[in-house]
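Asker: So the sequences go chain by chain: A and B. Under numbering that gives the first Met the number 0, the letters of the first sequence match residues 0 to 284, in that order. Under numbering that gives the first Met the number 0, the letters of the second sequence match residues 0 to 250, in that order.
Derived from the structure by calculation, the hints contain no laboratory data. Take these hints with a grain of salt, some might be off.
Heads up, simulated BS3-like pairs for lysine-lysine below, C-alpha to C-alpha not over 25 Å straight-line [what the hints assert, rightly or not]:
| hint | chain 1 | residue 1 | chain 2 | residue 2 |
| --- | --- | --- | --- | --- |
| 1 | B | Lys8 | B | Lys184 |
| 2 | B | Lys195 | B | Lys142 |
| 3 | B | Lys184 | B | Lys7 |
| 4 | A | Lys58 | A | Lys32 |
| 5 | A | Lys194 | B | Lys7 |
| 6 | B | Lys15 | A | Lys194 |
| 7 | B | Lys142 | B | Lys116 |
| 8 | A | Lys279 | B | Lys7 |
Here are the simulated distance ranges between beta carbons [unchecked claim]:
| hint | chain 1 | residue 1 | chain 2 | residue 2 | range |
| --- | --- | --- | --- | --- | --- |
| 9 | B | Ala176 | A | Ala19 | 53 to 63 Å |
| 10 | B | Asp178 | A | Ile112 | 49 to 59 Å |
| 11 | A | His181 | B | Lys137 | 40 to 50 Å |
| 12 | B | Glu81 | A | Arg96 | 36 to 46 Å |
| 13 | A | Val94 | B | Thr246 | 30 to 40 Å |
| 14 | B | Ile113 | A | Pro81 | 55 to 65 Å |
| 15 | A | Ala13 | B | Ala176 | 38 to 48 Å |
Computed, partial: chain A to chain B, Cβ under 7 Å [what the hints assert, rightly or not]:
| hint | residue |
| --- | --- |
| 16 | Ser18 |
| 17 | Ala22 |
| 18 | Asn168 |
| 19 | Tyr170 |
| 20 | Ala179 |
Owing to the predicted nature of the structure, the values given are computational and were not obtained by experimental measurement. The C-beta atom is built at its ideal place from N, Cα and C for all residues, glycine as well.
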Amino acid sequence: MKFLGEKGVRRVLAGIAFSAISALLLIALFIIKEGLPFIISYGPIKFLLSSDWQPQAGKFGIWPMIVASVWVTLGAMLVGAPLGVACAVFLTEFVPRRVMGVIKPTIELLAGIPSVVYGFMGVMVLAPLIRSQLGGPGLSVLAGAVILGVMILPTIISISIDSIQSVPNSYREGSLALGATHWQTTYMVTVPAAKSGIIAAIILGMGRAIGETMAVIMVAGNAVKIPISALDSVRTLTANIALEMGYATGQHRQALFATGVVLLVIIMILNSLAGMSIRKKAGKR
Amino acid sequence: MNNKIEIKKLNLHYGKFQALKAVDLPVGENSITALIGPSGCGKSTLLRCINRMNDLIAGVRIDGRVLLDGRNIYRHGLNVPELRKRVGMVFQRPNPFPLSVYDNVAYGLKVAGISDKDRISQTVEGSLKGAWLWDNLKDRLDKPALDLPLDQQQRLCIARLLAVEPEVILMDEPCSALDPIATMKVEELMLELRKKYTIAIVTHNMQQAARVSEYSGYMLLGDMVEFDLTANIFTNPKDSRTQDYITGRYG
């Protein structure tokens, strides 16, 4: 590095950083360029709200997929948010720091398990269980929600832990000194003080759930229809793109890019909500 | 005068380090007792033994007795939250909760399971009056407590304490984050509170001890070097180490 000099190193690093950002920008631009003209020419309302998805017949309504994504994601939140937040509260407030030092990295390791493995577990264990115990095809909204709920646990837990740990100890002391028990202190002072960080954690988990593809393809069944019960088979927005992109051409291909645009917008909205929640906390302190 | 609290032969170890060495201390009822001494002498640690706040620190061992109304608070089976309702604490840095003024004062009542709205709002009013905050804050009860100036935050912490009707108030350098005028106000408040409560205060400010307290204990390296009427400590100390400290030769 000596031959580069101080300024040279700076420039190289800036170039690398910039190329990462530009890759992101290029992907976004490419998807929008490919998808947006289709949305406009096909008609955004017809595209988003029609339930007719028949690519061979030139009908591209993604409403069933939007509904499916929403249900699967909400279901995942129902599973993941309470478990994740409760786990984070337990680990920060009720477990010695030493134990926490072992458990937190383990939980973060969960995030490193490939999604196809989660999907595999879903297909082999969860779906048959649902089929035999509750009926229906097994591959369903419920299976997708449970698998996704587990997959987003690491995100929710580790961000919630960070935010609960950043609550000043003086709040806890103040509460205990007033005769509050440990648990009262936790739910009346500590958790509310960490609220915005916990909300951000849940929103980021939601973003992960909505964007997850492989595991959902494997366990949700992929039927293009609006689900009536949690046991129905559904196809999410992400699954739709992944399943059909391989052979799609022409307008069909453009419609899949347009589906990508919809996903991109949803995830951008979720991320900015999470960012707003975190900034609100920073402003309050 | 009755002793509300009597500390007898109290030893405290942090791991291998002995922070308190066979300390004795009486705290008289409805009086102010000051603990003075250089930083690190154990005065805050001693204060935090009286409401068992040291229980929160891992690796602390305590032996000896702390009698509150004649009963040892380190006895087996004592309900620690109940003890802390009787023995409240004001901290060095004001630490109101990130809630409204009202909710801060109402906190102790909610913790105690009181849900009667009228009773809560009466207590909030009474406590804020008791801490001389009512006139300042009566129209801003829903304002975030963290937006108040520091001295009002500290008096809010005192009001929050008064709401749970403690018998003893422990103050751990309550004015160290405040400017001289705010300090004066808090000191006047202490003199007023003394009429109803028993107060023990840790201070590194000798003038403060001289101004507010009846009794003072001088501590050094975990030892209670001298305990006497404040007037005697400051004018006629018996121990040469106390003399060195109060005349400014040490500490």
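Asker: A range of 36 to 46 Å was offered for this pair. Does it hold for the Cβ distance of Glu81 (chain B) and Arg96 (chain A)?
Answerer: violated, 28 Å
Asker: 53 to 63 Å was suggested as the range; check whether the CB atoms of Ala176 (chain B) and Ala19 (chain A) agree with it.
Answerer: Since the Cβ atoms of Ala176 (chain B) and Ala19 (chain A) sit about 44 Å apart, the hinted range of 53 to 63 Å is violated.
Asker: If you draw a straight line from the CA of Lys8 (chain B) to the CA of Lys184 (chain B), is it 25 Å or shorter?
Answerer: violated, 35 Å
Asker: That 55 to 65 Å hint for Ile113 (chain B) and Pro81 (chain A) (C-beta), does it hold up?
Answerer: violated, 29 Å
Asker: Assess, step by step, whether the Cα of Lys58 (chain A) is no farther than 25 Å from the Cα of Lys32 (chain A), and give holds or violated.
Answerer: holds, 21 Å
Asker: Could you check the hint for me, namely that Asp178 (chain B) and Ile112 (chain A) are 49 to 59 Å apart, CB to CB?
Answerer: Holds - the Cβ-Cβ distance for Asp178 (chain B) and Ile112 (chain A), about 56 Å, lies within 49 to 59 Å.
Asker: Hint Ala22 (chain A) vs chain B: min CB-CB distance below 7 Å?
Answerer: The hint is violated - Ala22 (chain A) has no Cβ within 7 Å of chain B, the shortest such distance being about 40 Å.
Asker: Below or equal to 25 Å on CA atoms is what counts here, so check Lys142 (chain B) against Lys116 (chain B).
Answerer: holds, 19 Å
Asker: Hold the hint about Tyr170 (chain A) up to the distance rule: shortest CB distance to chain B must be less than 7 Å.
Answerer: With a closest approach of 6 Å, the Tyr170 (chain A) hint holds.
Asker: A closest beta-carbon separation below 7 Å is what the hint needs, so does Ala179 (chain A) meet it against chain B?
Answerer: holds, 4 Å
Asker: Restraint: Ser18 (chain A) near chain B, CB-CB cut 7 Å. Satisfied or not?
Answerer: Interface hint status for Ser18 (chain A): violated (42 Å vs cutoff 7 Å).
Asker: Verify the CB-CB distance for His181 (chain A) and Lys137 (chain B) against the hinted window 40 to 50 Å.
Answerer: Since His181 (chain A) and Lys137 (chain B) have Cβ atoms about 34 Å apart, the given range 40 to 50 Å is violated.
Hint compliance for this structure: hints 1, 2, 3, 5, 6, 8, 9, 11, 12, 13, 14, 16, 17, 18 are not met, and every other hint is.
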